[in-house]
Each structure stands twice: as C-alpha cells, then as structure tokens.
Amino acid sequence: MFFRNLTLFRFSPSLDLSDLESRLATAALKPVGPMELSSRGFIPPFGRDSEGFSHQVGKAVWLSVGSEERLLPGAVVNDLLQKKLAELERKEGRRPGGRTRKRLKEDLVQELLPRAFVRPGRTDAILDLGHGVLAVDTASRRQAEHVVGALRDALGSFPALPLNAEVAPRAVLTGWIAGDPLPEGVVLGDECELRDAADKGAVVKCQRQELAGEEIGKHLESGKQVARLALTLDDHVSFVLGEDLVLRKFRILDGAADALESTEREDLRAELDARFTLMAGELERLFSVLEPALRLSKVEA
Amino acid sequence: MQRFRSIERDSVELALSDGRTVLVTRVRDPRARRLKLCVDERGARLTMPPRASAVSGKRFLDDNREWLAMQLARYATGSVLPLRPGATEALPLRAQLLPLRWSEGRYTRLHRDDDGLVFTITARAGEATLSRALRDFYEGEARADLGRWLPRYLATLPRPPRRVRFKVMSSQWGSLAPDDSVALDLSLVLARPSAFEYVLVHELCHLLQPDHSRAFWREVEDRFPGWRDERDWFHVHGRQVKATLRTLLG
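Going down the list, the protein sequences come from chains A and B.
Under numbering that gives the first Met the number 0, think of the first position of the first sequence as 0, with each following residue one higher.
Under numbering that gives the first Met the number 0, think of the first position of the second sequence as 0, with each following residue one higher.
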C-alpha cells in the first residue's frame with residue numbers, strides 16, 4: 000500500500016471525526032449501474048471483500064476511494080454511428096439531419112453502455128489527525144479533489160484546503176540546490192527540473208545528475224529556477240518535490256523497509272497493516288520537516 | 000469574400016500643456032466605429048477605425064489633451080519607478096515602503112530580514128529573472144496573509160474554496176470561478192491589509208451568494224462590517240496600487 004505520489008491538503012486538527020467509520024459506510028461504493036458511466040465511493044482499504052471503511056493506527060487513518068468506470072471509447076461510438084448514418088442515407092436517399100444524428104448517437108450509447116467493460120480503480124488516502132493533513136496517493140489535482148469531495152459528501156462538511164506555502168516554493172527549492180542549508184535529515188537526490196524565469200522560457204530536466212555541481216550552478220547564474228527537485232529524507236524515503244507542492248516518485252527506501260522484512264506475519268491483513276503503519280510514520284515525519292521549511296499555513300481559526 | 004484585417008498597433012508622442020511628453024498607444028481596430036481615447040494602468044490608448052486618418056487621430060488627441068493629463072495623474076505611481084538592479088532603494092508592501100538592499104549571490108531571490116528587504120542577484124540575472132523573483136516574493140507575502148485570514152472564515156462557509164490563485168489582473172480585484180477557485184489580484188499585497196482582507200471576504204461570500212444581491216451584501220456585512228471604508232479606499236487608491244505593481248514587474 001505504499002503511496003507513489005502525494006497530493007496534500009490541510010484541515011483543522013480539531014475537526015470531529017469520531018463517527019468517520021459510519022459516515023464512510025453511508026457513502027460506500029455502489030456498483031456502476033448498466034446505464035451509468037461511472038460510480039465513486041469508499042471501499043474498505045484492506046480490499047473490497049474485507050470489513051471496515053477506515054483503518055486507524057495512532058493518529059493516522061487509512062481510507063480508500065474506489066471507482067468503477069464504464070469504458071466506452073468515443074471512436075467506437077462514432078464508427079458505428081457513421082455506419083448507421085450511411086445505411087440510413089442509402090435507404091432514404093438523403094443525408095440525415097443533426098437532430099437524427101443526435102438521436103442515433105444517444106440510442107447507440109444506450110445500446111452499448113450495458114455491454115461496456117467496467118474498469119475498477121482505487122485511490123488511497125491517509126488522514127493525519129495530528130497535523131491536520133490529508134495525503135492522497137495521486138499527482139493529479141483533479142483526482143485528489145475527487146477524494147476530498149467524496150469525504151465532504153460523506154461527512155457533510157470537510158473544510159480542507161490545498162497546501163498554502165507562505166514563501167515561494169520555487170525560491171526555497173532553488174536555495175537548497177544553490178547551497179542554502181537543507182532541513183535536518185534531508186539530502187539532495189539526483190534529479191531536478193530547472194526553468195527559465197521568462198514565460199515559455201527554457202526548461203532543463205536532469206536525471207542521474209550531480210546537483211551540487213558546476214553545471215547546475217551555471218543554470219542558476221543565468222536566472223533559472225528549480226521547479227522540481229529530488230530529495231531523500233533520513234535515508235528512509237525519496238521523492239521529487241515540485242513547485243506545485245506535489246510529491247512525486249515517492250518511495251520507501253530499503254533503510255525503512257528492512258524493518259518490515261525482519262518480521263514474519265501470518266496473513267495479508269497483518270502485512271498491509273504493517274506497511275500502513277510504516278507509511279503513516281514516514282509521512283508524519285516528512286510533513287514535520289516540510290511544514291517549517293516551506294512555511295505551510297495551518298488551517299486553524 | 001471579406002478581407003480579414005488585423006489589429007495594428009503603434010505609438011505616438013503627445014506634448015501635454017505642462018510640457019511633459021507622453022507616449023500614446025495607437026490601435027487600429029477593424030471593429031472600432033469611432034475614435035476612442037482611454038487610460039488605464041498601462042498608459043493612454045487611442046483606438047481608431049481602420050479608415051480614420053492619422054490627422055483626425057492627432058486632432059482628437061489635441062482636443063482631449065487636458066482630460067488625458069487629468070486621467071494620467073490619477074494613475075500616477077508616485078515615487079515608484081521600474082525595478083532597477085542596485086538602484087531601487089525601497090519596495091512597497093502592505094501600504095508601506097520597505098528599504099531594499101542589493102547583494103550578489105549564487106541565485107536570484109528577494110527576501111525579508113530584520114532591516115527590510117534584500118534582493119540577492121547573480122551577475123547574469125536578466126529583467127525576467129528579477130521580475131519573477133519580485134513576483135514570487137509578493138505571492139509569498141500574499142499567501143502569508145491568506146493563511147492568517149482564511150481559516151477564520153471557513154467555519155461559516157458551505158464549502159472551502161477549491162484553491163486560491165494570485166494573478167496580475169487588469170481591472171478586477173478578485174473573482175470566484177464556477178469550480179469554486181478564487182483568483183485574487185497580486186497587487187492586493189501592496190494595498191492596506193484591511194482592504195486585501197475585504198476582497199478575500201467578498202470572494203468567499205460568493206460561495207454563499209453567487210451574485211451581488213442584498214443577501215450577498217448582508218453576508219459581507221456580517222463578516223466584515225467595515226467593508227464600505229475599504230471599497231472607498233479602492234476608489235481612491237486602487238488604480239495607483241495596480242499601476243505600481245505593473246510598473247515594478249515591468
């Protein structure tokens with residue numbers, strides 16, 4: 000269950016989430032109906048057949064939003080529509096009008112939808128009740144907002160805001176690569192993206208590159224700024240932090256994962272529980288480092 | 000077939016009665032039906048129909064010289080001049096002028112310390128780099144204000160804004176999009192803080208009432224009773240604030 004990307008939101012830690020489990024149950028995923036395009040709702044984080052819509056360890060709550068989406072490619076509909084239109088034209092001797100085309104298309108969609116494949120999906124999230132942080136396992140803002148929206152629908156109110164950095168993240172990342180002191184435990188990775196200050200200016204993407212070297216220094220001197228930067232924390236996690244405050248390529252490193260492998264567990268649930276505990280611990284530590292470094296606003300009145 | 004004519008732009012100099020010379024942008028617009036002279040924070044603009052002669056444009060400018068001088072004075076940025084590396088000695092922030100020092104470093108950035116502002120620049124930093132650093136600094140400061148104010152109002156809103164973006168807006172101070180995203184003018188960080196907070200409250204109240212009805216103003220009044228003072232402040236100083244940011248960002 001290790002997350003690969005992290006899109007973060009903040010909410011007030013004083014928010015009452017005592018009836019979270021029952022609220023999530025009322026917004027559980029319903030199978031997508033034969034005439035529906037998609038369906039979204041909460042699923043048990045340990046798998047659809049298991050029990051409980053949330054799993055809490057300490058101040059971390061694991062929840063999962065499942066989705067079912069019918070796959071009906073536009074090209075398939077249009078191809079069949081063209082065939083039907085051609086047949087109609089041959090029969091009637093004239094090209095069908097716009098209204099007929101629209102009706103035919105709607106009929107086709109109704110005919111094809113129940114036969115379309117259903118693609119299941121899931122997006123995991125962790126609520127850190129201590130910091131008041133929601134971490135969603137996606138780099139897509141839209142998908143992350145769907146999870147926040149699902150929580151809002153389930154809870155009635157969930158005033159979560161995207162991260163608000165009180166200092167330009169670009170300036171902080173550029174400072175780190177230029178030699179400003181990094182937060183304790185953080186070291187530079189080997190990947191970065193530099194962008195020219197001008198709109199539509201040059202973009203330099205580096206991978207497997209020594210970031211503290213002279214080559215990068217030349218780019219900084221010409222005015223480029225860091226838009227994405229690979230970092231490692233405590234030799235436990237590595238990630239690429241973007242100026243949009245999304246953490247991509249998030250990976251638990253061997254240093255942290257070793258603790259998992261040293262103990263034998265009986266079943267899958269225990270294994271997933273151990274992984275979640277590790278993930279939640281690393282996330283809590285990571286946020287406590289990023290919060291002061293990027294001056295992330297709290298959401299408390 | 001109708002020939003497509005594009006908008007053509009050039010500029011002409013005009014001597015004002017006080018001896019100053021101003022540059023007027025002359026725009027030939029195929030959609031223009033008459034001569035039009037307008038002034039905003041970008042300067043004076045004369046719009047002309049494609050067939051109007053240059054002489055008629057010049058005569059129109061001469062006839063409206065006094066009006067133009069008066070309007071330009073309204074947009075005057077006072078002592079604020081475009082940002083000049085090593086020369087600019089102060090920068091506006093929250094209706095104050097903060098002293099600015101310049102230094103050389105490995106990368107370009109603007110930050111605050113106990114004595115004011117410090118602009119660190121590299122030897123090869125161009126105008127775009129300075130402008131970006133200034134913009135980033137102002138956005139950071141604006142977000143600091145936002146982080147302080149926004150949580151106070153969240154409890155009484157049906158939903159929080161999806162996100163808040165800062166943009167350089169030409170005439171508006173803020174807007175709320177149908178997807179609940181709030182956009183705020185970056186120049187608000189140069190205005191007095193209470194005026195900035197009022198604009199934020201105004202946009203947040205649109206989450207309750209998507210119009211400017213009486214019900215909307217009641218919501219504003221409940222949260223920000225002094226909103227009329229702030230609106231008046233914008234009427235007097237608003238244009239100047241916008242012009243200042245535009246001048247500084249270049």
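In case anyone wonders, no lab produced these hints; they're calculated from the structure.
Careful, some of the hints might be misleading.
Mimicking DSSO-like on lysine-lysine, the simulated pairs with C-alpha atoms at most 30 Å apart in a straight line are [as the list claims (entries may be wrong)]:
{"#": "1", "chain 1": "A", "residue 1": "248", "chain 2": "A", "residue 2": "217"}
{"#": "2", "chain 1": "A", "residue 1": "104", "chain 2": "A", "residue 2": "90"}
{"#": "3", "chain 1": "A", "residue 1": "217", "chain 2": "A", "residue 2": "58"}
{"#": "4", "chain 1": "B", "residue 1": "166", "chain 2": "A", "residue 2": "204"}
{"#": "5", "chain 1": "B", "residue 1": "35", "chain 2": "B", "residue 2": "57"}
{"#": "6", "chain 1": "B", "residue 1": "35", "chain 2": "A", "residue 2": "199"}
{"#": "7", "chain 1": "B", "residue 1": "166", "chain 2": "A", "residue 2": "297"}
{"#": "8", "chain 1": "A", "residue 1": "101", "chain 2": "A", "residue 2": "90"}
{"#": "9", "chain 1": "A", "residue 1": "101", "chain 2": "A", "residue 2": "82"}
Against the structure, the hints:
1. A:248 with A:217: Distance of about 27 Å is within 30 Å: holds.
2. A:104 with A:90: The given pair, whose Cα atoms are some 18 Å apart, holds under the 30 Å limit.
3. A:217 with A:58: Roughly 45 Å separates the two Cα atoms, so the pair is violated.
4. B:166 with A:204: 26 Å, holds
5. B:35 with B:57: With a Cα-Cα distance of about 12 Å, the restraint between residue 35 (chain B) and residue 57 (chain B) holds, given a limit of 30 Å.
6. B:35 with A:199: Not OK: residue 35 (chain B) and residue 199 (chain A) at ~34 Å, beyond 30 Å, violated.
7. B:166 with A:297: The hint holds at about 23 Å.
8. A:101 with A:90: Holds, at roughly 19 Å.
9. A:101 with A:82: With Cα atoms ~14 Å apart, residue 101 (chain A) and residue 82 (chain A) stay inside 30 Å; holds.
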